[in-house]
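Asks: Read top to bottom, the protein sequences are chains E and Z.
If you use our numbering, the first sequence closes out at 409, no skipped numbers anywhere.
If you use our numbering, the second sequence closes out at 305, no skipped numbers anywhere.
I should point out that these hints are in silico values taken from the structure, not numbers from a laboratory.
The beta carbon of each residue, even a glycine, is placed where N, CA and C say it ideally should be.
Please note that a few of the clues may not be correct.
[What the hints assert, rightly or not] Covered stretches of chain E, as calculated for chain Z (at least 3 residues, CB under 8 Å):
id, stretch
1, 14-21
2, 299-311
3, 390-396
[To be verified] Computed list of lysine-lysine pairs in BS3-like fashion (alpha-carbon distance at most 30 Å, straight line):
id, chain 1, residue 1, chain 2, residue 2
4, E, K215, Z, K92
5, Z, K211, E, K215
6, Z, K134, E, K215
7, Z, K211, Z, K269
8, Z, K269, E, K215
9, Z, K137, E, K215
10, Z, K131, Z, K92
11, Z, K137, Z, K211
[Stated by the list, open to error] Using C-beta positions, here's what the derived DEER-type ranges look like:
id, chain 1, residue 1, chain 2, residue 2, range
12, E, I43, Z, D182, 51 to 61 Å
13, Z, A179, E, L14, 47 to 57 Å
14, E, V323, Z, D166, 33 to 43 Å
15, E, F347, Z, W108, 33 to 43 Å
16, Z, G297, E, F347, 54 to 64 Å
17, Z, A179, E, M44, 51 to 61 Å
18, E, Q312, Z, R15, 31 to 41 Å
19, Z, E10, E, V323, 32 to 42 Å
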Amino acid sequence: MSRLRSQTRFRRQLRQTLTIARRDFIATVFTPIFLLFLFAPLIMSSFGAIGGLGAANAADGSSDKQRMVLVMPVAEARLVRSADEQLRTTFPRDAAPPTIVVVSDAVEPRSQLERRDFDVSAVMQGPLDRPEIFYAASNRRDARYLSTLADVALRRHATGDARLSTPTIERVRVSAPSLGGRKTAAFFAVFGIFFLTLFLSGQVVGTMAEERNNKVIEVLAAAVPLESVFLGKLLGMFGVAVLFVAFWGTVISQIGQFLPADLGAQAAQLVPAVGLGWFVLLFAAYFTTAYLLLGAVFLGVGAQASTMREIQMLSLPITVVQVGMFALASAAASHPGSWIATAAELFPLSSPFAMAGHAANRPELWLHLAALAWQILWVAIFITVGARLFRRGVLQSASSKPVWRRLFG
Amino acid sequence: MAGDWAVTAEGLVKRFGERRVVDGVDLMVPAGAIYGVLGPNGAGKTTTLRMLLGIIEPDDGHRTLLGRAQPQDASDEVGYLPEERGLYPAMKAREAIAFMSALRGLDWRTGRTRAGEMLEAAGLGHAADEKIRKLSKGMAQLVQLLGSVVHLPALIVLDEPFSGLDPVNQERLERLIVAERDRGATILFSTHIMAHAQRLCDRLAVIAGGKRRFEGTVEEARALLPQQVHYVPHHPGPDIARALPADARPDGEGWRFTLPAGGIEQTLKHLIDAGHGISGLSIERPGLHEAFVRIVGADAAEAAR
């Protein structure tokens, strides 16, 4: 008996699975279309940047035209301007209130909101101890700012413009992770996995169509257990996903060197509870299980589709499922320890997302081993069910109907 | 292998909805034989083969493949050419064969080497690095056939292997089947073309309406019908029918009738005494086609054409 004929069932199925994975990986990667796929984020971000610039210009243009009006004598207005100079420094530049215009003539303050030469967000009429403030809809924040300016102006006037407090401001690097930092890290983890799987796992849905259309499935099904065919296709496409992530991970890590130091300091605040090293490992593990879980479901459902139109029709429910899992896991990340977090961590399809968030919020590690085992179990279940449905619904004969047609047809 | 049987099937049943497509089929395929599964279209041949290979599960009955109860356990020793041919169009011919060999347990390097040799031997060496989509239908079919035997399987299952092939390639395929049998492989193939089956099969089964109607050698099938006499008179006359057996019917310039149970001598004596003489005489065994018609019925046989 030759060596290959004495292989155990497990080794044979592993070899067959990897043969299918290799074929799918090569068939996907070594095509011109793959380059389009690989650079899709660049194209998307280019359009995003162009759109963002346009929107920013439009927003800047409109904010440049916005003013707050003081209707009061020049002396009082000077006090308000002085207070404005002091308080304005506390705002980020892009969130600063509109600049102030002074009208010393006796005019009806409400009429200022109708001016044509610029947009008026709010109007304040003196005296400063009992100012009247008017604002246009959605500009309540500016009205409150004006009221604060009046109060500060009066206080400074009462103390002879002298500052009562002389602060010393020092920047300190904090090593202990903040609760906010953990939550932000949790959200980033959930969003990161969601973003990657949204991009990548949906591709799996149409992979069986190639075998069905080319009639290759008959050759595969005679040589290889269908479960191995399904797993092989899933692993092949996962290889494509890993290549994609590795490429963009390298690109982004190089771009990161050129980012401002402030951003690096902010990123340093995102310290996950399990520590950065474990977090990176767990992120990779949960991305893997998220891909395999969603991919197994999409592959099983997509394998039932017999035409490209049916496959295209599946893209919407697939996206809805992914967004649903993201929403559930985001809620879990925001409320660690809550019932919704537990539900999200247990539900197979949301479990990888929620557990990645969990790694950012909670320090215990053993739970992740259990979670990964749980998720892999469900990958096996989804693949087995998908393969059986395919065997019963599609391979039986050419006239057999897919599951949904048998259910609803 | 259990005993000397490459394939056994006992009471195989498959239902599609309410219809019993295969209805209690038994098969015993001897190791090292060329075994034909014959039947009209829709007889259940393909479904039977797919159950034997484990592509679909039978609703009832048992089967073994090379002694294994689970067909997938024997997959490395089986080659299969399905009725609906299928290859990846973007694959090169050599890679397609190597891929099929890798599925069946050969490493890629060996698969590629053997693929090159086999393509060369089959006269397709020039197409080894052509993509499948660029090959003619016949060439692609040949590539798939080579892919099903590249790993030197102990059992080769061919579903309607001759359909779609021109006469030259049909003859080439016949030679390949015989060569594989001579190598020691068992060949199980389905067909509805009797000429191939008659030339190739050591044994055969006839399936019709999902049931096995016959199992035996080609000679045993042909023996189901009596021998036929073809007689050409030297002096034909209007009264010749009176000297011939009752079932005699005109056939060209002569007459055809079933060989009488007691032999031809008495009939010939009557003919000579009546002055018709003998210009030609032959005693013929019926062909497999006639036997097939007898087994499955004329209508079903017509459907098989």
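Asks: So, for every hint listed, does it hold in this structure?
Replies: Verification of the supplied hints:
| no. | hint | verdict |
| --- | --- | --- |
| 1 | 14-21 | holds (count 4) |
| 2 | 299-311 | violated (count 0) |
| 3 | 390-396 | holds (count 3) |
| 4 | E:K215 - Z:K92 | holds, 17 Å |
| 5 | Z:K211 - E:K215 | holds, 27 Å |
| 6 | Z:K134 - E:K215 | holds, 17 Å |
| 7 | Z:K211 - Z:K269 | violated, 45 Å |
| 8 | Z:K269 - E:K215 | violated, 63 Å |
| 9 | Z:K137 - E:K215 | holds, 14 Å |
| 10 | Z:K131 - Z:K92 | holds, 4 Å |
| 11 | Z:K137 - Z:K211 | violated, 33 Å |
| 12 | E:I43 - Z:D182: 51 to 61 Å | holds, 60 Å |
| 13 | Z:A179 - E:L14: 47 to 57 Å | violated, 33 Å |
| 14 | E:V323 - Z:D166: 33 to 43 Å | violated, 55 Å |
| 15 | E:F347 - Z:W108: 33 to 43 Å | holds, 41 Å |
| 16 | Z:G297 - E:F347: 54 to 64 Å | holds, 60 Å |
| 17 | Z:A179 - E:M44: 51 to 61 Å | holds, 57 Å |
| 18 | E:Q312 - Z:R15: 31 to 41 Å | holds, 34 Å |
| 19 | Z:E10 - E:V323: 32 to 42 Å | violated, 53 Å |
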